[in-house]
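Trainee: Just so we're aligned: the sequence shown equals residues 3 to 150 in our numbering.
It should be emphasised that the hints constitute simulated quantities derived from the structure, not laboratory data.
Do not take every clue at face value.
Straight-line C-alpha distance at most 20 Å; calculated PhoX-like pairs for lysine-lysine [as the list claims (entries may be wrong)]:
hint : residue 1 : residue 2
1    : K24       : K52
2    : K145      : K74
3    : K74       : K52
4    : K61       : K27
5    : K70       : K27
6    : K24       : K70
7    : K72       : K61
8    : K72       : K146
9    : K74       : K24
10   : K24       : K145
11   : K52       : K72
12   : K61       : K24
13   : K72       : K27
14   : K72       : K24
15   : K146      : K74
16   : K52       : K27
17   : K70       : K52
18   : K146      : K24
If you're wondering where the values come from, they're calculated on a predicted model, not measured in any experiment.
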Amino acid sequence: MPNGVNAELEGTTFTVYSFVIKENKPVGPRDVMRGANLSSPSVAYRHLQKLEDLGLLEKNEEGRYVVKEKAKISGYLWIGRTLVPRLIFYSLFFTGLLSTEIVTIAIRYFVYGLFPDLLFLYLTLITAIAMALFLIEGISLHKKASIE
3 MPNGVNAELE GTTFTVYSFV IKENKPVGPR DVMRGANLSS PSVAYRHLQK
53 LEDLGLLEKN EEGRYVVKEK AKISGYLWIG RTLVPRLIFY SLFFTGLLST
103 EIVTIAIRYF VYGLFPDLLF LYLTLITAIA MALFLIEGIS LHKKASIE
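Please work from the sequences and hints to get the whole structure.
Mentor: Rendered as structure tokens:
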């Protein structure tokens with residue numbers, strides 16, 4: 003795979019590539035036009051050609067395009083045929099951390115009758131903010147990579 007693949011997989015080309023992967027069958031320009039909400043088959047054809055030039059797609063004997071290789075896209079992981087932003091996994095880490103902190107606060111308060119230290123509450127707040135930011139950005143990137 004060429005080095006410039008990440009730079010080339012942006013915008014409509016990224017959307018077309020994501021669509022072809024999700025279809026998991028040979029597709030033509032009209033299929034891509036309909037599935038990726040493009041304006042014309044020629045626009046779809048141009049992006050399919052670009053992906054073929056990058057070595058990510060190949061034409062079969064019927065002239066339809068199939069996935070040749072799944073690209074390693076920075077900031078994303080492949081789970082089956084779905085691109086998942088790495089930020090989602092970071093938000094899951096912070097969700098686990100936040101849950102642990104909340105359980106610790108609850109145990110100290112309900113079992114021992116101790117109110118948590120102010121610094122621990124600040125730590126919990128910062129963890130909640132980090133979790134929320136990673137989750138919001140991850141969902142935003144996931145929507146960008148998804149085809150409706």
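Trainee: Starting from K52, check that the Cα of K27 is at most 20 Å away, please.
Mentor: 19 Å, holds
Trainee: Given the hinted pair K74 and K52, is their alpha-carbon gap at most 20 Å?
Mentor: Cα-Cα ~17 Å, so holds.
Trainee: Check whether the Cα positions of K24 and K145 lie no farther apart than 20 Å.
Mentor: 14 Å, holds
Trainee: Taking 20 Å as the top limit, are the C-alpha atoms of K146 and K24 close enough?
Mentor: 14 Å, holds
Trainee: Check the hint pairing K72 with K27 against an upper bound of 20 Å on the C-alpha distance.
Mentor: The hint holds at about 14 Å.
Trainee: For the pair supplied as a hint, K70 and K27, is the alpha-carbon distance within the 20 Å limit?
Mentor: 12 Å, holds
Trainee: Can the restraint linking K72 and K61 be considered satisfied, given a maximum Cα separation of 20 Å?
Mentor: 15 Å, holds
Trainee: Has the given pair, K70 with K52, been kept, meaning a C-alpha gap of at most 20 Å?
Mentor: 13 Å, holds
Trainee: For K61 and K24, compute the direct alpha-carbon distance and say whether it is at most 20 Å.
Mentor: 17 Å, holds
Trainee: Need the status of pair K145, K74: alpha-carbon distance at most 20 Å?
Mentor: 18 Å, holds
Trainee: Is K72 close enough to K146, meaning Cα to Cα at most 20 Å?
Mentor: Between K72 and K146 the Cα gap is close to 18 Å, so the pair holds against 20 Å.
Trainee: Can the restraint linking K24 and K52 be considered satisfied, given a maximum Cα separation of 20 Å?
Mentor: Holds. K24 to K52 sits at ~18 Å (cutoff 20 Å).
In terms of the numbered hints stated before, the structure departs from none.
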